[in-house]
Amino acid sequence: MLLNRLRGPSLAVLTCALGALALSACATTGDAKPRTETASTASSSKDRTMAPGLDGWANADPYPSTYRGLPRENLALVGATVLTGAGQKIEGGVVIVTDGRIAAVGGADTPVPSGHKVVDARGRYVTPGVIDIHSHLGVYPSPGVMGMSDGNEATNPNTAQVWAEHSIWPQDPGFNTARAGGVTTLQILPGSANLFGGRGVTVRNVPSVTMQGMKFPNAPYGLKMACGENPSRVYGGRNTSPATGMGNVAGYRAAFIAARDYKAKWDKWRDDGQGTPPTRNLQLETLAGVLDGSILIQNHCYRADEMAVMLDVAKEFGYKVTTFHHAVEAYKIAPLLAREGVCAAMWTGWWGFKMEALDGIEENAALTDAPEGSCAVIHSDDAELTQRLNQEAAAALSAGRRAGMNISEEHAISWITLNAARSIGIDKETGSLEPGKRADVVIWSADPFSIYARADQVFIDGGLAFDRTNPAFQPVSDFELGQPGFGQSAAGVAQGAR
Amino acid sequence: MAQDVAITGGRVLTGTSVIENGTVVVRNGRVVSVGTGAAPAGLRTIDARGQVVTPGFVAVDSGLGGSEVGSVRGSNDLSNNANTLSAAFDLSYGLDPWSFTLPVARLGGVTRAVVTPQHAGSGGGHSHDDSDFAGAGHGGFQSPGLFAGQAAVIKLGGADILVKPRVAMVAPFGEAGKGVAGGARGAEFVLFKETLAEVRLYARNKAAYDRAALRDLSLSRADLEALIPVANGSMPLIVSVNRASDIQQVLRLAREEGVKVILDGAAEGWLVADEISAAKVPVLLHPITNLPGNFEMRAARMQNAAALNAAGVVIAIKGNEGSTHRARDIRYNAGNAVSHGLPFAAAIAAITVNPARIFGFDGQFGELKPGAAGDVVVWSGDPLEPLSQPSAVFIDGVEQPLEARNLLLRDRYRTGGEGAMPVAYPQ
Numbered sequence: 000m001l002l003n004r005l006r007g008p009s010l011a012v013l014t015c016a017l018g019a020l021a022l023s024a025c026a027t028t029g030d031a032k033p034r035t036e037t038a039s040t041a042s043s044s045k046d047r048t049m050a051p052g053l054d055g056w057a058n059a060d061p062y063p064s065t066y067r068g069l070p071r072e073n074l075a076l077v078g079a080t081v082l083t084g085a086g087q088k089i090e091g092g093v094v095i096v097t098d099g100r101i102a103a104v105g106g107a108d109t110p111v112p113s114g115h116k117v118v119d120a121r122g123r124y125v126t127p128g129v130i131d132i133h134s135h136l137g138v139y140p141s142p143g144v145m146g147m148s149d150g151n152e153a154t155n156p157n158t159a160q161v162w163a164e165h166s167i168w169p170q171d172p173g174f175n176t177a178r179a180g181g182v183t184t185l186q187i188l189p190g191s192a193n194l195f196g197g198r199g200v201t202v203r204n205v206p207s208v209t210m211q212g213m214k215f216p217n218a219p220y221g222l223k224m225a226c227g228e229n230p231s232r233v234y235g236g237r238n239t240s241p242a243t244g245m246g247n248v249a250g251y252r253a254a255f256i257a258a259r260d261y262k263a264k265w266d267k268w269r270d271d272g273q274g275t276p277p278t279r280n281l282q283l284e285t286l287a288g289v290l291d292g293s294i295l296i297q298n299h300c301y302r303a304d305e306m307a308v309m310l311d312v313a314k315e316f317g318y319k320v321t322t323f324h325h326a327v328e329a330y331k332i333a334p335l336l337a338r339e340g341v342c343a344a345m346w347t348g349w350w351g352f353k354m355e356a357l358d359g360i361e362e363n364a365a366l367t368d369a370p371e372g373s374c375a376v377i378h379s380d381d382a383e384l385t386q387r388l389n390q391e392a393a394a395a396l397s398a399g400r401r402a403g404m405n406i407s408e409e410h411a412i413s414w415i416t417l418n419a420a421r422s423i424g425i426d427k428e429t430g431s432l433e434p435g436k437r438a439d440v441v442i443w444s445a446d447p448f449s450i451y452a453r454a455d456q457v458f459i460d461g462g463l464a465f466d467r468t469n470p471a472f473q474p475v476s477d478f479e480l481g482q483p484g485f486g487q488s489a490a491g492v493a494q495g496a497r
Numbered sequence: 000m001a002q003d004v005a006i007t008g009g010r011v012l013t014g015t016s017v018i019e020n021g022t023v024v025v026r027n028g029r030v031v032s033v034g035t036g037a038a039p040a041g042l043r044t045i046d047a048r049g050q051v052v053t054p055g056f057v058a059v060d061s062g063l064g065g066s067e068v069g070s071v072r073g074s075n076d077l078s079n080n081a082n083t084l085s086a087a088f089d090l091s092y093g094l095d096p097w098s099f100t101l102p103v104a105r106l107g108g109v110t111r112a113v114v115t116p117q118h119a120g121s122g123g124g125h126s127h128d129d130s131d132f133a134g135a136g137h138g139g140f141q142s143p144g145l146f147a148g149q150a151a152v153i154k155l156g157g158a159d160i161l162v163k164p165r166v167a168m169v170a171p172f173g174e175a176g177k178g179v180a181g182g183a184r185g186a187e188f189v190l191f192k193e194t195l196a197e198v199r200l201y202a203r204n205k206a207a208y209d210r211a212a213l214r215d216l217s218l219s220r221a222d223l224e225a226l227i228p229v230a231n232g233s234m235p236l237i238v239s240v241n242r243a244s245d246i247q248q249v250l251r252l253a254r255e256e257g258v259k260v261i262l263d264g265a266a267e268g269w270l271v272a273d274e275i276s277a278a279k280v281p282v283l284l285h286p287i288t289n290l291p292g293n294f295e296m297r298a299a300r301m302q303n304a305a306a307l308n309a310a311g312v313v314i315a316i317k318g319n320e321g322s323t324h325r326a327r328d329i330r331y332n333a334g335n336a337v338s339h340g341l342p343f344a345a346a347i348a349a350i351t352v353n354p355a356r357i358f359g360f361d362g363q364f365g366e367l368k369p370g371a372a373g374d375v376v377v378w379s380g381d382p383l384e385p386l387s388q389p390s391a392v393f394i395d396g397v398e399q400p401l402e403a404r405n406l407l408l409r410d411r412y413r414t415g416g417e418g419a420m421p422v423a424y425p426q
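Residue numbers (numbering that gives the first Met the number 0), protein chains in the order written: chain A, 0 to 497; chain B, 0 to 426.
Each hint should be verified, as a subset may be incorrect.
As the list claims (entries may be wrong) - To give an idea of the interface, some chain A residues facing chain B are shown, with a C-beta separation under 8 Å as derived from the structure: (1) 115; (2) 165; (3) 168; (4) 170; (5) 173; (6) 315; (7) 316; (8) 361; (9) 486; (10) 489.
As the list claims (entries may be wrong) - Take a look, some chain B residues computed to stay more than 12 Å from chain A by CB distance: (11) 1; (12) 92; (13) 299.
Bear in mind the hints are in silico, worked out from the structure with no lab data behind them. Built from N, CA and C at the ideal position, the CB exists for glycine as well.
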């Protein structure tokens with residue numbers, strides 16, 4: 000449980016509500032009022048038990064994860080150059096995986112427990128699994144045809160009530176190709192047509208018939224917000240608000256005013272039980288989750304000036320921006336972002352396709368990363384790029400070095416691993432090879448900052464999810480079965496995945 | 000101005016071969032020798048020991064010089080939306096030597112480009128960031144006709160970048176082409192054949208046409224004129240096509256009509272690689288297209304480049320997103336083709352000598368050999384590796400500054416941008 004993310008009085012309620020078994024924990028949190036028979040015996044004379052679905056706090060996880068993890072063995076990955084994601088580089092390193100978690104990471108003298116299967120990784124590289132915090136896999140799947148484009152509920156500038164997990168098509172072949180590129184965790188987001196696009200969801204990148212089977216257990220939700228050209232163009236084009244940048248900001252403010260009001264009504268009702276319970280409103284409930292800190296803001300925002308305004312909007316209403324996405328101009332306000340403790344996620348190569356992307360530079364990650372306390376992340380937003388985030392990080396590293404900056408590979412790998420985990424609130428669980436964390440591990444054929452490196456094996460929670468040389472570990476989605484070229488290998492080249 | 004220079008001691012990838020510890024001599028803007036001899040006395044010498052020397056890369060299916068900001072219509076001259084003019088559209092008039100995209104591409108080693116009209120279905124194939132959401136993003140401006148217009152060859156340096164206009168005609172086939180024709184492949188092929196018949200009728204009867212004594216023709220006079228070299232096989236037709244069966248149909252059409260075609264895309268090409276090879280038809284491809292983005296590329300594979308090359312097809316590797324702002328990515332795309340089975344030498348050829356040959360510039364650029372243009376790039380290491388960077392770039396023997404707008408932005412903000420004086424004041 001990622002309880003460290005939850006804070007504030009109403010969060011205590013949420014924490015209790017998350018698990019019916021958590022009553023003893025609730026008793027220690029003081030102001031918690033669990034929705035059980037015991038509640039009616041408390042200070043209020045009323046039974047505040049409501050009909051199912053009418054109290055969002057009573058069941059904050061109505062579509063719970065059924066993720067089980069793949070079959071796994073205890074492993075010792077031996078002999079590789081290990082980039083831990085937490086800043087270390089270990090030559091001839093040893094990574095011990097026990098019960099799906101990292102048990103130990105160290106040099107060649109690290110003891111291998113008896114019974115652990117030894118994987119010879121000499122001459123290869125080992126990193127944490129790659130985390131892509133900006134993906135539309137499943138919601139904008141391949142094929143991108145009519146009937147399958149479910150990523151933008153572009154019917155109103157505020158659709159905070161929609162959840163990306165209700166659009167995910169798990170058969171998107173892009174999940175498989177991303178995994179072949181080392182991606183073990185994805186945050187799937189709604190699109191950016193709206194000021195509030197809806198909730199994103201974080202998934203384990205394992206094949207599954209259901210979305211629930213992929214859902215990252217207990218990962219916090221993110222709310223997708225969007226600055227800039229996209230919302231104002233979409234709605235301005237319909238002659239409705241927002242049509243401008245100032246219309247965008249008015250829209251954010253109006254929504255959080257309503258959310259503050261909504262949250263106050265629920266807080267009061269939960270506190271005193273007086274009167275009729277408020278009517279549940281999914282849109283305001285998500286925004287209230289932002290205000291109480293349980294839902295993380297994932298804010299599409301290109302320009303430096305717009306990011307600075309969004310930081311002030313957050314202060315005005317008492318919430319925090321966790322991460323700016325497509326932060327093309329993050330380098331212009333790198334010290335500010337570091338002081339505020341906000342992550343900035345970006346591409347390396349994309350620029351110039353529209354005005355707000357004009358000033359995109361390859362050095363963005365290196366410059367944004369430079370101040371103390373920074374959190375630079377490289378993301379994809381694209382089903383092709385997500386397969387090669389290591390290369391996007393390599394191009395960013397190269398640009399930083401071109402500028403004379405001294406940046407190591409063991410540091411730069413954090414842009415697609417540990418910083419990415421931090422930016423979506425799962426860094427206690429994954430993102431680095433450190434004892435206790437989930438064993439999300441990639442064995443690369445070569446230095447992952449080389450264009451020629453391929454992910455040889457990809458482990459998720461210690462289970463082998465992809466093996467480039469073993470077709471038994473190259474999953475194929477339902478959609479791909481029987482399609483043109485199915486089962487054929489091109490040029491006699493071992494196909495890997497697609 | 001062109002400087003005479005000798006580049007010595009590097010690993011020279013000529014485009015067709017490798018010379019260790021090689022010497023490349025450029026005089027009067029042209030390569031005069033490539034070998035292992037000593038540098039001629041008195042010449043400026045660049046010591047390239049430990050470095051790699053290549054011809055400048057050639058970006059195909061590019062928008063360089065024709066578009067500044069993808070979504071800003073006024074800055075984009077890559078497509079023409081008038082129904083009255085399609086084949087005759089000549090983008091060479093809109094090319095801008097002062098485009099800020101050119102120095103950025105040069106930093107990726109690109110020195111020449113085949114600038115190609117955008118057409119229905121072009122523009123990279125995916126709409127990241129929803130920029131295409133309202134149809135106004137990159138790739139949102141496309142020619143409406145059966146023909147998108149004519150491509151031009153440019154160099155990425157100097158005040159006159161046009162090398163040759165009207166080097167090829169562009170026509171979308173497959174899902175994009177059928178949309179232009181009315182909705183079905185069967186309509187486009189029939190319409191295409193009928194159009195060629197009209198072009199030939201016009202070509203035989205120009206005098207009657209000018210007297211208004213010829214039956215009505217569906218295209219304008221300008222379009223008919225532009226298509227004569229296509230109909231007689233002297234101008235290649237770039238056909239964007241992906242589905243294997245569409246490729247087969249296009250190969251048959253080319254044979255029947257005597258049209259010289261270049262396949263663009265060919266995502267499912269590996270399924271019919273032998274047929275493409277037998278027809279001696281070259282392919283411009285994007286080797287990292289591996290997802291079934293639509294129903295005409297369900298067999299898309301990372302191994303496409305390797306398979307086509309193995310079958311003997313001449314391939315050129317494209318950059319990303321229309322090879323304008325991201326033309327510099329062609330070296331990465333070539334590298335990814337290598338990691339999926341394409342021999343390294345073939346990957347280098349696919350971004351140098353092959354595109355030059357495909358468009359009729361064999362020996363003129365894209366290759367380090369005597370007589371070729373002095374387009375030379377010195378790299379800190381393997382040019383396909385992101386961690387390598389160019390240390391010198393020459394075009395026609397003129398050394399290019401390793402500067403670009405993005406580097407000016409970098410330098411303005413590299414110390415954090417929070418000094419007492421706003422960064423807008425020159426430091």
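Right, here's what the structure says about each hint:
1. 115: With a closest approach of 31 Å, the residue 115 of chain A hint is violated.
2. 165: violated, 19 Å
3. 168: violated, 13 Å
4. 170: violated, 11 Å
5. 173: holds, 6 Å
6. 315: Violated, because the Cβ-Cβ distance from residue 315 of chain A to chain B comes to roughly 23 Å (cut-off 8 Å).
7. 316: violated, 26 Å
8. 361: holds, 7 Å
9. 486: violated, 11 Å
10. 489: holds, 4 Å
11. 1: Correct as stated: the minimum Cβ-Cβ distance to chain A is 27 Å, above 12 Å.
12. 92: At roughly 22 Å from the nearest Cβ of chain A, residue 92 of chain B sits farther out than 12 Å, so the non-interface label holds.
13. 299: violated, 7 Å
The structure is inconsistent with the numbered hints 1, 2, 3, 4, 6, 7, 9 and 13, although it conforms to all the rest.
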